[in-house]
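Those protein sequences? They're chains A and B, same order as listed.
At position 4 of the first sequence (counting the first as 1) the number is 37 in the working numbering, and the numbers step up by one without a gap.
At position 192 of the second sequence (counting the first as 1) the number is 202 in the working numbering, and the numbers step up by one without a gap.
The hints are simulated quantities; they were obtained by calculation from the structure and are not laboratory data.
Values in this document were obtained by computation on a predicted structure and should not be read as measured data.
Careful, some of the hints might be misleading.
Below, computed lysine-lysine pairings styled on DSSO-like, alpha-carbon distance capped at 27 Å [what the hints assert, rightly or not]:
#1 B:Lys179 to A:Lys81
#2 A:Lys188 to B:Lys244
#3 B:Lys244 to A:Lys81
#4 B:Lys146 to B:Lys244
Looking from chain B toward chain A, a few residues come up when the C-beta cut is under 10 Å (computed) [unchecked claim]:
#5 Glu56
#6 His60
#7 Gln61
#8 Asn63
#9 Ala141
#10 Ala209
Glycine included, every Cβ here is placed at the ideal spot set by N, Cα and C.
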Amino acid sequence: MKKYTYSEKKDTRSGFGDGLTELGRENPNVVALCADLTGSLKMNQFEKENPDRFFQVGIAEANMIGIAAGMTIGGKIPFTGTFANFSTGRVYDQIRQAVAYSGKNVKICASHAGLTLGEDGATHQILEDIGLMKMLPGMTVINPCDYNQTKAATKAIANFEGPVYLRFGRPSVPVFMNEPFEIGKAILLNEGSDVSIFATGHLVWEAIQAGEILEKMGINAEIINIHTIKPLDAEAILKSAKKTNCIVTAEEHMKHGGLGDSISQLISENCPMPIEYVAVNDTFGESGTPSQLMEKYGLNAESIVKAVTKAIQRKK
Amino acid sequence: MPSISELEKIASQVRRDIVRMVHAVNSGHPGGSLGCTDYVVALYFEIMKHQPNPFDMNAKNQDVFFLSNGHISPLFYSVLARSGYFNIAELATFRKLNSRLQGHPTTHEGLEGVRIASGSLGQGLSNAIGAALSKKLNNDSSIVYSLHGDGELQEGQIWEAAMFAAHHKVDNLIACVDYNKQQIDGSTDQVMSLGDLEAKWYAFGWEVHHTNGNDMQNIIETVNSVKKQLGKGKPQIIIMRTEMGQGVDFMMGSHKWHGVAPNDEQLASALKQLEETLGDY
């Protein structure tokens, strides 16, 4: 098992904020809009350095998406910022018509995704957003795993023409990713032969922890980071799956509509095999600390180990 | 610059296009299209500075028009074709399979002149504000126009946008409400009262103007006077009184022709009332 270490923990939203700040200095066409969550989204520095390119829209997310779509007419590259729930479910029709169907170059940047938003509870803990966004034709969906990858993804999407949904979160998590980021390109974290673990977002670090536990059990896990859920890196996924012949997917999202669902479709069309899902299964979240919630809803290394054991058993 | 009577002749031809287009596919929205014909003709043939060909999505140094009430697409398509964005022969494909002239306007099929999809209501004011902000950042002094149905004002997003435009001093935008007091299920008073529209917009920080949307002279005078108010820190809106179905006697004075196409006999009657001035497509 390849060794991964970290020297600090940081929130992925800070990766977004720092990436946006650098974009503000490098690309005069980048503009940012925020719906009264500038601090939460770490957009303050961009606002401070570029007051003329930052637009506070107040608590009016539908209007924010509509304005962002309009600003592309004239060559601007708008980044919208609010929580994942208000970035997707609340404004689905606006994104559908004015951004996706209209093919506008808007970057929908969503923080506080999933259960790790914590104490605010289920009203704010969206677990359906990846599904909502990936269903839209032409939408690119990216869910980075740590500060470094979120920062790299933020910068990469500015140079990519087309609508993007970028999903990140609130808690401080290990900063370990040093691999280069390329939209749509999976990252092989550990080569293995017994099972393929495909993980996204906060579950990538958990997958690495699981890999170490599995190694002690004599199981050699291949671990792949899927940061871009759409378009899916079919080549990398199929290559790994055909080698190991069983799969575990891991994500901080609903089982239906998430990464596991995308991989399942790809596998069933190409090379059917056992797949186990580490994801939330058809239920809402609740209040609690991020680690309590991840444990209760089975989104941690221990759950991944159990899923791997089951997938390998089913293979026999 | 065309004279008032020349603009009225264009409007007559556009109205013929509208009733013929919706008749051909037995679907579409003639009522609001006919009501707003004079305003949109005035914009594209007299008021707006714009270049149909080659079409520039970014509208650099051009005035821009946003149709928020996308269901009056027959009017939009006819005016775009008649002002040179695409060939008038293409009007015959309206709402048919594989057409660029979808039921509601879209950029998806690459139709020149359309800059964003509309149809799901209440979104066009936000889009227009975005384009207006872009123009300011680009030091582009041209103007953004938007048109809205009055029933559409029942959508909450309109008022989010209204609040934003005043707060951020979006003063390079002229919005217009088609105040025909009709919507699908009946009059706006029956369905959901708009109340005192002037007071509402005023309270949201807009400067409010009025015009008779079926009087070409009045439209041009109003817009020219509103243009003088631009750049002074306030968004501008025109409450435009129109008659749904204007120009076709049996379609006027009711909500019934909001989304209903005329039959053969009704088409013949409508065309008798509308002079063919530029040649039918």
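So which hints don't hold here, by number, going up?
2, 5, 6, 7, 8, 10
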